[in-house]
Amino acid sequence: MSGYALCLILVLTALESFCKATENVQGLNKESEEEHNPLTEDKSHLTEHKDDEGREEHKINEEDENVSFGNETYVFNKQDEKRELYKANVLSSSFDKVATAGVLIDKSYVIKEMFKVKKKVILLTRPPRWGKSLTLDMIKAFLDVEVDNMGSKIAPSLLTKPKMFHGSSYDVDNIGYKRLKVSNSGICKKMCEYPVIHLDLGDIDGYNESQILWNMYDKIDEVFQKQFPYLNETNFLNGLSEENDIKLRLERFTGRGTVEYSEFKKSITFLSNVLSKIYNNDPVILIDNYDKSLLNLYLKYGPNHESSVTLRKALEDLLKKTLRHNPHVRKAFVTGVFPCAKYDLLNKVDLLDSNVFNQYFGRDFGFNEEEVIELVGHLPGHKVESIMDFYPGYCHGNQSHLFNPYSVMQVLLNKGAIKPYWPNKEDVQVFNKALKMYFKQDYKVLMAGKVLPNLYLSQKLKLSEIIEPENLLEMLIYNGYLSARPSHTKVIPMKKKALGLKMGGPDKNKNETLMATITFHNVSIPNQEILMAFHKIIRKEKRDKKKETENEAEE
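Under mature numbering (1 follows the signal peptide of the UniProt record, and there is no 0), residues -21 to -1, 1 to 534 are what the sequence shown spells out, in order.
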């Protein structure tokens, strides 16, 4: 399953007779934030079922239901294809599909906040399935120039994308859009004004240098061919300065020639220059999953394997040329799970780092209590307490008691079933690998529903360091398996190098000691959903080890 990102969520508009069996669900007593311990709560109100491995899971009885799609109401059952289509739209990373799927939890102010940031480059990291990919697609829909098949800008009166933000009534195809908050902002003057380059760096794999580079080149070719096919039209570039050179280079980037590595790393910079000349506006660059492929290779082969070394160098060269040495960038938004790029792949790029430990874009990812109540309000008879008690517990910067959007959406789309939906098999691979490398007493404390108090978390790791045993806790926090809440601050002496400060040169003053204010954190498992995932993964690990031992004994 591809990484799901959900910052702008649309769900069901009218669910009549939905989840009738949930009327007997008892709300759990909610504790204050300071005393919140979701791992020791009473679960007697939930019906026990067995999962695929014969273990108990908590689930509310299911019934068929009516679901409103557009302005029509369909009666669905488990086999109904229309319901599956509806679910696919709601859980999609396509903004257009999600925008027509139902009720909106409006997160569109992220576009306004993006332009309020003075730095050109924004690095935004959140756990998997927290809305990053959907956010980028929303930004693209808002900012991207609308062009015809020949690349010419469409007249303002004929634009179709503004209705996705200003709202529209239902048409003959039952497609309509809700008016979004950003439509009331002055930022609307930027709508459809910038060419947008969207590069997804996920799913790059290979065992050696040639395989990795082939897949990297393929990613670049995809950007040129699919997003800007009109650049190859015979007369499109007529009149541009350096026209002949641009045409020759475009041929190489679109599969009609050989691309050298020196050209590959400057490919997006070259494209930015071309688009800037054509539209008289520097493009906005959106880069998704910057760390996904590299982390997968680190976990699969190790950081020193040929494939890992090749991909790391290729990513570093491409990203630095694109984001540091590119004069034609209006704004760049880079997303991933780990904020390591600031100290690794993008260590010399001037950027704003938004991660789970700081406040930047804090309200734009994840659901708060009010938003969950708004969503559940569309489910007649459903008790909000059952969701509130099973899925909360995340703290990101100044936003506390957050909910994973993916899990809440799955509850609504699965007829109210309260059970673990996240992490899925793909996301669990990171945790499985981590536990195989390292396991200690701390996890017994966590799984007992207790807190690891007053921990210092570096927050300044390279991607290759995040998989080291001593950094496992921090890795699990970034992945969403654990939540960290500030406990206290302390002023202590630390070396410049440890603080990640610029030192003016490779060795200059690196050992100079400064007094720094350090924040310590209390770390815990956020909720019942993740606790059950912990137990499931660890049980499987124990079974695998037992089987391995038995096989060795037989030999």
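For the record, the hints were derived by calculation from the structure and aren't laboratory data. Treat the numbers as computed from the prediction; the structure is a model and nothing was measured. Hints are supplied without guarantee of correctness; some may be wrong.
[As the list claims (entries may be wrong)] Restraint ranges, calculated between C-beta atoms of paired labels, are given here:
{"no.": "1", "residue 1": "Glu285", "residue 2": "Lys132", "range": "28 to 34 Å"}
{"no.": "2", "residue 1": "Thr237", "residue 2": "Met473", "range": "46 to 52 Å"}
{"no.": "3", "residue 1": "Tyr240", "residue 2": "Ile471", "range": "53 to 59 Å"}
{"no.": "4", "residue 1": "Ile352", "residue 2": "Lys429", "range": "46 to 52 Å"}
[To be verified] Taking lysine-lysine and the DSS-like style, the derived pairs with C-alpha atoms no more than 25 Å apart in a straight line are:
{"no.": "5", "residue 1": "Lys279", "residue 2": "Lys526"}
{"no.": "6", "residue 1": "Lys169", "residue 2": "Lys99"}
{"no.": "7", "residue 1": "Lys299", "residue 2": "Lys198"}
{"no.": "8", "residue 1": "Lys299", "residue 2": "Lys132"}
{"no.": "9", "residue 1": "Lys205", "residue 2": "Lys279"}
{"no.": "10", "residue 1": "Lys198", "residue 2": "Lys95"}
{"no.": "11", "residue 1": "Lys97", "residue 2": "Lys157"}
{"no.": "12", "residue 1": "Lys157", "residue 2": "Lys119"}
{"no.": "13", "residue 1": "Lys292", "residue 2": "Lys256"}
The beta carbon of each residue, even a glycine, is placed where N, CA and C say it ideally should be.
Inset, instruction - Check each numbered hint from earlier against the structure, then list the numbers of those it violates in ascending order. - result: Failing hints, ascending: 1, 3, 4, 8, 9, 10, 11, 13.
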